[in-house]
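**Student:** Each chain, letter by letter, is given below.
Protein chains: 2
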Amino acid sequence: MARWEPDARERLVRAALDLFAEQGYDNTTVAQIAERAGLTKSTFFRHFPDKREVLAAGQDALCQLFEGGIAAAPASATPLEAVAAGLDAAAEAFTPERRDLGRKMQATIAASSELQERDTLKRVGLAAAITDALKIRGVPDPTASLAAEIGILALRTAHARWSDPTNRQELAVLARQSLHELQTASAALS
Amino acid sequence: MARWEPDARERLVRAALDLFAEQGYDNTTVAQIAERAGLTKSTFFRHFPDKREVLAAGQDALCQLFEGGIAAAPASATPLEAVAAGLDAAAEAFTPERRDLGRKMQATIAASSELQERDTLKRVGLAAAITDALKIRGVPDPTASLAAEIGILALRTAHARWSDPTNRQELAVLARQSLHELQTASAALS
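Residue numbers (numbering that gives the first Met the number 0), protein chains in the order written: chain A, 0 to 189; chain B, 0 to 189.
Just so you know, these hints were derived from the structure itself, not from any lab. These figures come from a predicted structure and were not determined experimentally. Note that the Cβ used here is the ideal one computed from N, Cα and C, for glycine as well. One or more of the hints may lead you astray.
In silico contact screen, one side only, chain B against chain A (beta carbon under 10 angstroms); selected entries [claimed, not checked]: (1) 80; (2) 82; (3) 84; (4) 119; (5) 123; (6) 144; (7) 145; (8) 146; (9) 155; (10) 158; (11) 171; (12) 180; (13) 181; (14) 185; (15) 186.
Let the sequences and hints guide you as you build the complete structure.
**Tutor:** Below, the structure is given as structure tokens:
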């Protein structure tokens, strides 16, 4: 039996992203990923059903963090304040040591239309989850849907800036900044 | 050689949607669609590469109408006024005789996760096209992206109401109403 590998998941993600960058996503096998991580194939399959799921690593967790942040916002919070609380909570997933992972993941996704589609669907799923979390707080539609789209735009912009190697700001700071820009933009719409 | 069938495309769409509703999308073949429409399989393939594309019928046209409406808006138009002009132009695709088609199409899509994914990706593509059309007018980001998301939300809401058999309003009227609701919601965000 394989021994307990406390950081196996993170090592597998790092190995996979390195290999995707070096030789392409399509040319990379699960056996190669496991070998590069110094683990066995069966350890890989205890963490991921296939190599595609490596790229979704953390997306469900991100969704849960975002929803949790919204749920925990004070009852007096406006819809956008609740979204800001969600962004703060989600930002915890983007630790400094994961900054290079985000960059490699984006590069791999950008190189494949199949992975881009999957990424788009995940993003739309996150928007739906945020909308539902706001509705639970009593925010009606279309306010909830609009606030969710603003949250997604803020997260995307902040993530792109955070992944830029010349940027050293924390994601939480960048997300607040993007959200503020969107509030300003919202005032310039009509 | 097949003779010229001026309404072949519309007949194929109607036949396909009827069959999808009656016996399910997966159980319906191109041969059945052609037969129901009183046309040949080769006529079908002159209009669509496969049965899935029948459901995308009009989506590219919708995108072009929306972009054209934005481009034709007066130079003085605000971002949301340009989006309103795009919605007006897009609404032309939703003629009264197509109201039942929209309903059948939605029911077919709702019954299949594969078709839902495809529909979601088309919607995201439309949002990107609207954003680009606004940027060409000089609207900067994130205002352009935000206005595009509002346009999509307005169109989705209006389309759902328009597809409701108890509703007899025109899509253009419903879209203006949704856009107005979103403007009001936008003021209640923060």
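**Student:** Measuring from the C-beta of residue 181 (chain B) to each C-beta in chain A, is the shortest one below 10 angstroms?
**Tutor:** holds (5 angstroms)
**Student:** So, as I understand it, the hint says residue 84 (chain B) touches chain A; can you test that by seeing if any CB pair is closer than 10 angstroms?
**Tutor:** violated (13 angstroms)
**Student:** Does the closest beta carbon of chain A sit nearer than 10 angstroms to the beta carbon of residue 146 (chain B)?
**Tutor:** Constraint on residue 146 (chain B) satisfied, holds at 6 angstroms.
**Student:** Holds or violated: residue 145 (chain B) as interface residue toward chain A, Cβ cutoff 10 angstroms?
**Tutor:** holds (5 angstroms)
**Student:** Quick check on residue 186 (chain B) please, does its C-beta sit within 10 angstroms of some C-beta on chain A?
**Tutor:** holds (9 angstroms)
**Student:** Given residue 144 (chain B) was flagged as interface, is its beta-carbon under 10 angstroms from a beta-carbon of chain A?
**Tutor:** holds (6 angstroms)
**Student:** Let's test the interface hint: is any C-beta of chain A closer than 10 angstroms to that of residue 123 (chain B)?
**Tutor:** Holds - the Cβ of residue 123 (chain B) comes within 10 angstroms of chain A, reaching about 5 angstroms at its closest.
**Student:** Would the hint on residue 82 (chain B) be counted as holding, given a Cβ-Cβ threshold of 10 angstroms to chain A?
**Tutor:** holds (9 angstroms)
**Student:** Go through the hint on residue 180 (chain B) and say holds or violated, using the shortest Cβ distance to chain A against 10 angstroms.
**Tutor:** holds (6 angstroms)
**Student:** Under 10 angstroms is the threshold here; is the Cβ of residue 158 (chain B) close enough to any Cβ of chain A for the hint to stand?
**Tutor:** Violated: closest Cβ of chain A sits about 14 angstroms from residue 158 (chain B), beyond 10 angstroms.
**Student:** Given residue 185 (chain B) as an interface hint, is its Cβ closer than 10 angstroms to any Cβ of chain A?
**Tutor:** holds (6 angstroms)
**Student:** Does residue 119 (chain B) hold up as a contact with chain A if the rule is Cβ-Cβ below 10 angstroms?
**Tutor:** Result: holds, 5 angstroms to nearest chain A Cβ.
The structure shown violates the earlier hints numbered 3, 10 and 11.
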